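Participant: Residue strings, one per chain:
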Amino acid sequence: MSALQDIVIGIDLGTTNSLVAVCDDTGPRVLRDEAGQGCLPSFLTFDPNGAVTVGEQAKQHAVENPLSSIFSIKRLMGRGFDELTASGELAHLPFRVVKRASEVGSTSAQQRDVAAVEINGRLLTPPEISALVLRALRERACQQLGGDIRKAVITVPAYFDDAQRQATRDAGRIAGLEVVRIINEPTAAALAYGLGVREQDDNARGSEAGADRPATTALPLAERGGAGELSGLTGERRAHESVVAVYDLGGGTFDVSILRISGGVYEVLSTHGNSCLGGDDFDRSIIGLVQNEIETQFELSIESPATRQALRSLAEHVKMRLSSERQAALEIDLGHGRSYRRTLTRQLFESLIGPQVDTTLAACRRAVEDAGLTPEAIDRVILVGGSTRIPLVRRKVEDFFGRVPYTALNPEEVVALGAAVQAAVLAGRRRDTLLLDVIPLSLGIETLGGAMSKLILRNSRIPCQVTERFSTFVDGQTNVKINVLQGERELVRDCRSLGEFELRGIPPMPAGMPKIAVSFLVDENGILNVSAVEERSGRQASIQIVPTHGLTTEEVQRMELEAYAHAREDMTAHRLIDLRNQVAFDTHKAERMLEQVGDALGESKRAEITAAIADLRALAEKTDDADALYDALNAFDRTTLKLAEMAITATLRQGNQARES
Amino acid sequence: MDSSTRPSYPTRCEQCDKPMDSPIACSSCGALTELPADAFNCFELFGVAPGFDIDLDALHRKYLQLSRLIHPDLTGAADEPDRRRSLMLSARFNQAYEVLRHPVNRAEYLLRLAGGANCCEDKSVPEDLLGRILTLREQIDEAREEGRTEVLAELGSQTRASRAAAMDRIAHLARVLAGGDSQPETCRELRQQLNAVKYWDSLLEQISAARPDDPTQ
Numbered sequence: 001m002s003a004l005q006d007i008v009i010g011i012d013l014g015t016t017n018s019l020v021a022v023c024d025d026t027g028p029r030v031l032r033d034e035a036g037q038g039c040l041p042s043f044l045t046f047d048p049n050g051a052v053t054v055g056e057q058a059k060q061h062a063v064e065n066p067l068s069s070i071f072s073i074k075r076l077m078g079r080g081f082d083e084l085t086a087s088g089e090l091a092h093l094p095f096r097v098v099k100r101a102s103e104v105g106s107t108s109a110q111q112r113d114v115a116a117v118e119i120n121g122r123l124l125t126p127p128e129i130s131a132l133v134l135r136a137l138r139e140r141a142c143q144q145l146g147g148d149i150r151k152a153v154i155t156v157p158a159y160f161d162d163a164q165r166q167a168t169r170d171a172g173r174i175a176g177l178e179v180v181r182i183i184n185e186p187t188a189a190a191l192a193y194g195l196g197v198r199e200q201d202d203n204a205r206g207s208e209a210g211a212d213r214p215a216t217t218a219l220p221l222a223e224r225g226g227a228g229e230l231s232g233l234t235g236e237r238r239a240h241e242s243v244v245a246v247y248d249l250g251g252g253t254f255d256v257s258i259l260r261i262s263g264g265v266y267e268v269l270s271t272h273g274n275s276c277l278g279g280d281d282f283d284r285s286i287i288g289l290v291q292n293e294i295e296t297q298f299e300l301s302i303e304s305p306a307t308r309q310a311l312r313s314l315a316e317h318v319k320m321r322l323s324s325e326r327q328a329a330l331e332i333d334l335g336h337g338r339s340y341r342r343t344l345t346r347q348l349f350e351s352l353i354g355p356q357v358d359t360t361l362a363a364c365r366r367a368v369e370d371a372g373l374t375p376e377a378i379d380r381v382i383l384v385g386g387s388t389r390i391p392l393v394r395r396k397v398e399d400f401f402g403r404v405p406y407t408a409l410n411p412e413e414v415v416a417l418g419a420a421v422q423a424a425v426l427a428g429r430r431r432d433t434l435l436l437d438v439i440p441l442s443l444g445i446e447t448l449g450g451a452m453s454k455l456i457l458r459n460s461r462i463p464c465q466v467t468e469r470f471s472t473f474v475d476g477q478t479n480v481k482i483n484v485l486q487g488e489r490e491l492v493r494d495c496r497s498l499g500e501f502e503l504r505g506i507p508p509m510p511a512g513m514p515k516i517a518v519s520f521l522v523d524e525n526g527i528l529n530v531s532a533v534e535e536r537s538g539r540q541a542s543i544q545i546v547p548t549h550g551l552t553t554e555e556v557q558r559m560e561l562e563a564y565a566h567a568r569e570d571m572t573a574h575r576l577i578d579l580r581n582q583v584a585f586d587t588h589k590a591e592r593m594l595e596q597v598g599d600a601l602g603e604s605k606r607a608e609i610t611a612a613i614a615d616l617r618a619l620a621e622k623t624d625d626a627d628a629l630y631d632a633l634n635a636f637d638r639t640t641l642k643l644a645e646m647a648i649t650a651t652l653r654q655g656n657q658a659r660e661s
Numbered sequence: 662m663d664s665s666t667r668p669s670y671p672t673r674c675e676q677c678d679k680p681m682d683s684p685i686a687c688s689s690c691g692a693l694t695e696l697p698a699d700a701f702n703c704f705e706l707f708g709v710a711p712g713f714d715i716d717l718d719a720l721h722r723k724y725l726q727l728s729r730l731i732h733p734d735l736t737g738a739a740d741e742p743d744r745r746r747s748l749m750l751s752a753r754f755n756q757a758y759e760v761l762r763h764p765v766n767r768a769e770y771l772l773r774l775a776g777g778a779n780c781c782e783d784k785s786v787p788e789d790l791l792g793r794i795l796t797l798r799e800q801i802d803e804a805r806e807e808g809r810t811e812v813l814a815e816l817g818s819q820t821r822a823s824r825a826a827a828m829d830r831i832a833h834l835a836r837v838l839a840g841g842d843s844q845p846e847t848c849r850e851l852r853q854q855l856n857a858v859k860y861w862d863s864l865l866e867q868i869s870a871a872r873p874d875d876p877t878q
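Chains as they are written, first to last, in my numbering: chain A, 1 to 661; chain B, 662 to 878.
The set of hints was computed from the structure by calculation and includes no laboratory data.
Bear in mind the structure is a predicted one, so any value in this text is a computation, not a measurement.
Be aware that one or more of the hints could be misleading.
Said to hold, decoys possible - Some chain A residues judged to face chain B by a derived CB distance under 10 Å, without partners named:
(1) Val265
(2) Ala408
(3) Arg431
(4) Thr433
(5) Lys454
(6) Arg458
(7) Gln465
(8) Val466
(9) Val522
(10) Asp523
(11) Ile577
(12) Arg580
(13) Met593
As the list claims (entries may be wrong) - Here are some chain A residues the structure puts well away from chain B; computed CB gaps all over 10 Å:
(14) Lys99
(15) Leu435
(16) Pro507
Said to hold, decoys possible - Taking lysine-lysine and the DSSO-like style, the derived pairs with C-alpha atoms no more than 30 Å apart in a straight line are:
(17) A:Lys481 with A:Lys99
(18) A:Lys515 with B:Lys784
(19) A:Lys589 with A:Lys642
(20) B:Lys723 with A:Lys454
(21) A:Lys481 with A:Lys515
(22) A:Lys642 with A:Lys622
(23) A:Lys454 with B:Lys784
(24) A:Lys642 with A:Lys605
(25) B:Lys784 with A:Lys481
(26) A:Lys622 with A:Lys605
(27) B:Lys859 with A:Lys454
(28) B:Lys859 with A:Lys515
(29) A:Lys515 with A:Lys454
From the three backbone atoms N, C-alpha and C, an ideal C-beta is built for every residue, glycine too.
Pulled out of the complex, with its shape left as it was, chain A reads as follows (with noise of 0.2 Å):
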């Protein structure tokens, strides 16, 4: 039992997906679901006796139920509700987010701003909904490792600033989990890229071009004295040392981070990106262009939710469509005998997300200019994010960095791979592997007049720690407030406000006498830590933090302890229900190829399957046996196996048809 729970599992929770990983002996590998499915859809549906279904399931019903679904969550990690509706961000989303009434810091000065998302009459923050599905994918860990998992390492975007990364980690805890470490994803990619040096290093040497390499191999990122200019702080090549560009267009976010990997030390030399930034906003782009040619052409605006929702699941898959083929149709049934037809070219697609990728490519020319490099110096280029198989995004950050990026992991598992890694690391398990990260924005205060005062720079190694003093301006005061920022701007209304830090404590003495030695420590997460001592009398003021988009402490707990009331409901109940959802889909399908190419099997196959189903859906209706249907459900798809063999050929026929003709 004492060696499960040493267990660390690596999570990628994702805007639109996220993944479990575990790293053992053997390396690091994906924990897939019954259905082999490594990515669980971050989608969420409620339903209104408050179950909550988490992963494929939740997408599909998601057009159905709109309003009690739940989606892109990670967009509003950390954010308070007045600057998501000035950023527009709301008006994306189908379900309602509000302003979410204070539980303390009332008496303070500083006003609090919170989001949260009202859901069948409930109120949830992005933390407790983002634990909904850290826990889904606890359990999916649970089963399959066989015990009780409570660690967890968890990957967030490098440009999270503090207030989402302290969002992150409260969401492990509400999910029950120890939250070891957050790390960064883009530095997680090339851990997992990095992984096989010592394996591979023989024999993958010397071979320079990365595009044709077997998808399942590690890449020497390690490489001694590789092909490409390398260039540290004094310009010169140095041995054993790569230089890697991680560019990261996930769904909702992105990250560009510069790399020095030499001898299993992972050091990052700059970070830059866009935290709401992905697939998301193509989706979008591509639904802005729908709604307008609909109200054009019929003077109709898309009122109805569940249009909406399915006008955005259209979009995403015509986005995927055009990865691949050069143009894809799409139709939409507007009712009353209308329909809307059009093809939308990969040319038009790309007109349309152009700007947006270019801005991508400033901040990866902003992370090289901060590194001290130029873009010649960069030896490999990872695609990380499932927004990375564009094949603009592919053309243009070629083109910037001037060689072929290389793909030859999963881009979707990458950072899950690295997370388990790390987490394979802080469990002692791997002594080989170092990664010294920076903090992506910078941290200050507020000064006299409005102005931030920058106490630790952007891109400085984590953790580190600087030390501010500060005094009193009244006789006998006994408490000072201190605001704390983040950002690159010098005015306090552009930067991001991380709270109020009350020190508390201070003996009373004539005004300007105490010392306050306010210590701000950015710890290996990349959070911040603050104490303080006046260093007159020696006492340790106390601070009271009132975080200005998120959680204090105390609520943190209230959370984990309801999340913990609900998360007793039996776990094999929701696995059977999980089960059934898998059955009603498989048995559907089987009828649909059963009338599709059904006629070229024999009659006594057919009869077999038809009996199958009916057996199979009887048994799903009365069990409650999970393994029991677990075990009917695979034998099911051994039965229909060669049905869905036809299945597949007959598509592929129709295809090569259509594209002869």
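Got chain A sorted already, so can you dock chain B onto it with the hints?
Facilitator: Relative to chain A, chain B alone:
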């Protein structure tokens, strides 16, 4: 906090008695120092002699080598106090690396060790500086409004040249300080030149911000 008159630090490991390159961790047995993280100045942490001229490659190698010994991920700290010590040591060590690897920070630090004023205590700048900065700032604004990127590029190289000249002077003065000659005039001029670099840097940022976000630039 730091002082050049600090008593000498241990050069042999208290655990295994092997000689140590750096007083914070023993590369032979992995033992970490029992002393608080701020007991050493930045040069001492890296086990190098105080000075303006530093071999950056050697510094980087040492940074990686010592990071492996002190980073909380790898020390396998058994309890919270141990973990905390390793965390604070890493934080201090990372800060020291930032100080030593950037020439401006290094010069600032040498000035501080010599007892010179910091930038809040003495905000003065070389005589003709403010006039030059104002003129350039106007030219940048004008070029930005007219969208003349080639003028911006020219102003950029002018600014970089002025910054480089200030850096040359800083290097010279910092070497004099590190040589043990901490005359008040040397400290004061170094302070002014370091203040000047801040002005040049903010000007460069202004030029960079005025540049349109063209990724090919």
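Participant: Hint compliance check: list the failing hint numbers for this structure, sorted ascending.
Facilitator: As far as the earlier hints go, 2, 5, 6, 11, 12, 13 and 15 are violated by this structure, in ascending order.
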